[in-house]
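Once you have looked at the hints, place chain P on chain V.
Taken in sequence, the protein lines are chains V and P. Take 35 as the starting number for the first sequence in the numbering used here and just add one per residue. Take 53 as the starting number for the second sequence in the numbering used here and just add one per residue.
Calculated cross-link-like contacts (lysine to any residue; reagent style SDA-like; alpha-carbon spacing at most 25 Å):
hint, chain 1, residue 1, chain 2, residue 2
1, V, Lys94, P, Asn683
2, V, Lys141, P, Thr430
3, P, Lys318, V, Arg41
4, V, Lys40, P, Ala463
5, P, Lys580, P, His660
6, V, Lys40, P, Leu395
7, V, Lys94, P, Arg686
8, P, Lys498, V, Glu149
9, P, Lys685, V, Glu100
10, V, Lys40, P, Leu392
Derived coverage of chain V by chain P (criterion: at least 3 residues anywhere in the stretch with Cβ under 8 Å from a Cβ of chain P; other residues may be distant):
hint, stretch
11, 65-71
12, 90-103
13, 114-128
These are computed hints drawn from the structure, not numbers from a lab. Just so it is clear, CB atoms sit at the ideal spot from N, CA and C, and this is done for glycine as well.
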Amino acid sequence: MNPARKRTVRLVMALGAAVVLASALIYTSFSAASPALTPSQLVREAQPGRSYELTGTVVKGSVHREGAVLHFAVADRAGGTAVPLAYTGIVPDPFREGREVIVNVEKQGGSYVGENNSLITKCPSKYKTAPPSENQNA
Amino acid sequence: MAGFGYACLLLALVICAYGIGASLYGVRTGRVEFSDSGRRSVYALAGVLTVAMAVLEIAFLNNNFTFNTVADTSSRTTPTFYRAAAIWASQEGSLLLWAWLMSLWSSLALFLTRKRLRDVAAYATAIMLGFGAFFVGLMVFYANPFATTNPAPPEGVGLDPLLRFPTMMIHPPMLYSGYTLCTIPFAFGVGALLSRRVDADWIKAIRRFAFAAWLFLGFGILLGALWSYSELGWGGYWGWDAVENASLMPWLTGTAFLHSLMIQEKRGMLKVWNVSLVLATGTLAIMGTFLVRSGILDSIHAFGGHTLGVPFVILIGVMIAGSIYLVVSRRDMLRSEHRLDSLLSRESAFLANNLVLVALCFVIFWGTYFPLISEAVTGQESSVGPPWFDRYTVPLALILVLLSGIGPVIAWRRATFANARRNFLIPVVSGLTTLVVLEIAGVTQKPFALAMFCCAAFVFGSIGQEFFRGTRARRAMAGESPPLALFGLIKRNRRRYGGYIVHLGIAVLFVGVAASSSFQHASQGGLKPGQSTRVGDYEVRYVRPTASITPKYDQAHTGSTLSLGAVLDVTENGHHVGTLNPSEGFYESDEPSQGTVSSLIGGQAVSHVAMTGGLLRNVWTAIEPDIEAPNLKRIVTAGNSTLPPDEALVAIAYLARAYLKHPPPTQFNLVVSPLVFWIWIGGVISFGGGLIALWPAPSTVRRRVAARSRARALRGLARA
Numbered sequence: 035m036n037p038a039r040k041r042t043v044r045l046v047m048a049l050g051a052a053v054v055l056a057s058a059l060i061y062t063s064f065s066a067a068s069p070a071l072t073p074s075q076l077v078r079e080a081q082p083g084r085s086y087e088l089t090g091t092v093v094k095g096s097v098h099r100e101g102a103v104l105h106f107a108v109a110d111r112a113g114g115t116a117v118p119l120a121y122t123g124i125v126p127d128p129f130r131e132g133r134e135v136i137v138n139v140e141k142q143g144g145s146y147v148g149e150n151n152s153l154i155t156k157c158p159s160k161y162k163t164a165p166p167s168e169n170q171n172a
Numbered sequence: 053m054a055g056f057g058y059a060c061l062l063l064a065l066v067i068c069a070y071g072i073g074a075s076l077y078g079v080r081t082g083r084v085e086f087s088d089s090g091r092r093s094v095y096a097l098a099g100v101l102t103v104a105m106a107v108l109e110i111a112f113l114n115n116n117f118t119f120n121t122v123a124d125t126s127s128r129t130t131p132t133f134y135r136a137a138a139i140w141a142s143q144e145g146s147l148l149l150w151a152w153l154m155s156l157w158s159s160l161a162l163f164l165t166r167k168r169l170r171d172v173a174a175y176a177t178a179i180m181l182g183f184g185a186f187f188v189g190l191m192v193f194y195a196n197p198f199a200t201t202n203p204a205p206p207e208g209v210g211l212d213p214l215l216r217f218p219t220m221m222i223h224p225p226m227l228y229s230g231y232t233l234c235t236i237p238f239a240f241g242v243g244a245l246l247s248r249r250v251d252a253d254w255i256k257a258i259r260r261f262a263f264a265a266w267l268f269l270g271f272g273i274l275l276g277a278l279w280s281y282s283e284l285g286w287g288g289y290w291g292w293d294a295v296e297n298a299s300l301m302p303w304l305t306g307t308a309f310l311h312s313l314m315i316q317e318k319r320g321m322l323k324v325w326n327v328s329l330v331l332a333t334g335t336l337a338i339m340g341t342f343l344v345r346s347g348i349l350d351s352i353h354a355f356g357g358h359t360l361g362v363p364f365v366i367l368i369g370v371m372i373a374g375s376i377y378l379v380v381s382r383r384d385m386l387r388s389e390h391r392l393d394s395l396l397s398r399e400s401a402f403l404a405n406n407l408v409l410v411a412l413c414f415v416i417f418w419g420t421y422f423p424l425i426s427e428a429v430t431g432q433e434s435s436v437g438p439p440w441f442d443r444y445t446v447p448l449a450l451i452l453v454l455l456s457g458i459g460p461v462i463a464w465r466r467a468t469f470a471n472a473r474r475n476f477l478i479p480v481v482s483g484l485t486t487l488v489v490l491e492i493a494g495v496t497q498k499p500f501a502l503a504m505f506c507c508a509a510f511v512f513g514s515i516g517q518e519f520f521r522g523t524r525a526r527r528a529m530a531g532e533s534p535p536l537a538l539f540g541l542i543k544r545n546r547r548r549y550g551g552y553i554v555h556l557g558i559a560v561l562f563v564g565v566a567a568s569s570s571f572q573h574a575s576q577g578g579l580k581p582g583q584s585t586r587v588g589d590y591e592v593r594y595v596r597p598t599a600s601i602t603p604k605y606d607q608a609h610t611g612s613t614l615s616l617g618a619v620l621d622v623t624e625n626g627h628h629v630g631t632l633n634p635s636e637g638f639y640e641s642d643e644p645s646q647g648t649v650s651s652l653i654g655g656q657a658v659s660h661v662a663m664t665g666g667l668l669r670n671v672w673t674a675i676e677p678d679i680e681a682p683n684l685k686r687i688v689t690a691g692n693s694t695l696p697p698d699e700a701l702v703a704i705a706y707l708a709r710a711y712l713k714h715p716p717p718t719q720f721n722l723v724v725s726p727l728v729f730w731i732w733i734g735g736v737i738s739f740g741g742g743l744i745a746l747w748p749a750p751s752t753v754r755r756r757v758a759a760r761s762r763a764r765a766l767r768g769l770a771r772a
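Bound-form chain V, shown alone:
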């Protein structure tokens, strides 16, 4: 094989391998991904046994603990549909009623279970500049 041909073959092989790997990556990302849903979407669309990423705010007055299980409800940002959850695992420090959370959930029977250690709290006030009106009241 002449050197130029050899180089072409090598290049094609390398590119082929890269394409195969990239397709595997892309395929698995779509099949392994958890769809991000709001509570109202979750109630409409959830199928038992599948994992979903639920985003919403913690309903005031809904948080109570039973041993290792933390119960709370997550509602749409604008209020409305609330999904009650049973969650076990680490609760991040900023977790509070009324704050935005992201948690992976699964529908088991008629209820929703939060996956172990999947709770993330978004603190909307963190880093964010408060509107001037709030400042003046402070």
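This is chain P only, laid out in the frame that chain V set:
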């Protein structure tokens, strides 16, 4: 004062506009005085932004709450140390930090190249000032750090308690130094392409800056991991969070560049690849900044505002399109001078390392931006979790560590069998011995971790052998004692041996990552005083509750009104290992509507993690005290309805006493991570190696000093 600060920003914008014009005019017409003036405007920009930074810093230290940023991120009760660091806790302040650091590093880069690379540097000046104009423009038009409110609020909100951790003082400046340093090779790369001077000169000129960017970014990432492990209550150091990933991506492409540039220096190969890596690193650094600023992806780190998205998207679009155009239009100049001789050569090992690093970067890029990609493709926002990242990054990391042992010992051009036997015998034996020892010890249930330990042992063997051979040769030649010979060896070839030390540190770090992630024991559970639970080989007993209140007027006040904790006794097979005191601090909220007592403790709650352990194991504990327990809630509710604000603290004191007397069952998070300390040691070793490699070689320093004294002597002669 605020007006003066804002004036500084306006002046900075004018300087940027002038400097871009002057340097472009200078390089287009060949009038050097204009290019020089453009360069000096970068110095001026650095000066003006230093003044702006000082104005804001003084406002923070003096509690000048007319500044909105000061009122939002600081307060009289914030300790002075954190008040000084609070400047970069806000969106506006961190933009100023970015622009300021960029102007400082750019000034240094342009000062060091002032007598060389005239055309390249002139274009680079324009690019740097372009970045300067962009960031200063953001502050002037979107997020002004000098915005004020009149009359000033009597007290500020205070620094977010989660940020009250000593590394807050150095983590953001380190990370931002890394990001801003990434833009310097970018600017020079674009300059080289624009001026069609794509030889090795510009690579030599920016090598040190690319290295410094790599070093600072890496150290910043590691400090972030340390902060996460020792401050956040989840017991981990890396969670594949979007913002973490954003800082890792330019670091990976930067690492690739630092290796492939050696091939360009030595063999004149991979020019297109190198310049593409430089451009990609700069773009990824800006994208990383964008990710934190725009709030486009869900991340616990991201700043809340959404206003900066559009300008950043435009900038990134221009950077990508411009980079592609420049590389494609200059491709004829970027031809390799040599071909790859053999697949068994150092060039090939470096190429493989580059491919792995870029593949890693691609995986992380895809996973990080997947929510946007899936929304664009399927209309449904989805995300991938840590298991998806691990599936790809773990095997790639294994190959990477293995290559970091192969690269230093394989021959350039073509490795022969004799060469391979001479150089690989010890590393391979070292790796295999580790495999056998670990098999005998029964560490077989985690194949990836086992493979990582063997790869790391291979690296230790290969690097150890290099040091041993070099030292032996010096001893034979100069008859020096072993430590002196080793010292002399490193001193003579800092870049090479500094690099080897970095490899060593990375291998140590990965051993720590593999061990702590594969062999971690975690347990969560509710305990009452006197009860105990097991985690790994350890027994943890809840001895007694602790509570303390630190009112605002207290000198020792750290910000939290109430702190509830526990004394834990840790034993291993009956031997006392340590006594730990994890606690959780409850901070005042800024919502008086919660009630007089509730608002004193209704703000942030922050874990104070307690740890013990040494080189081999780390026992990590955090507590989630149940402040909503019925007996405590009753006190708060009663206090809310009866106590005026200035007496509400009495109820908190009462609550603390009730907690001590009748402690409710308490949740503990317990984690035992083996070798987690190795991650930090590995980081320190790598950083040390990096500093050694970065330090100017003695010969260059001497040459410069000699040249300067010669010039002085000549000037003296001319005068005489």
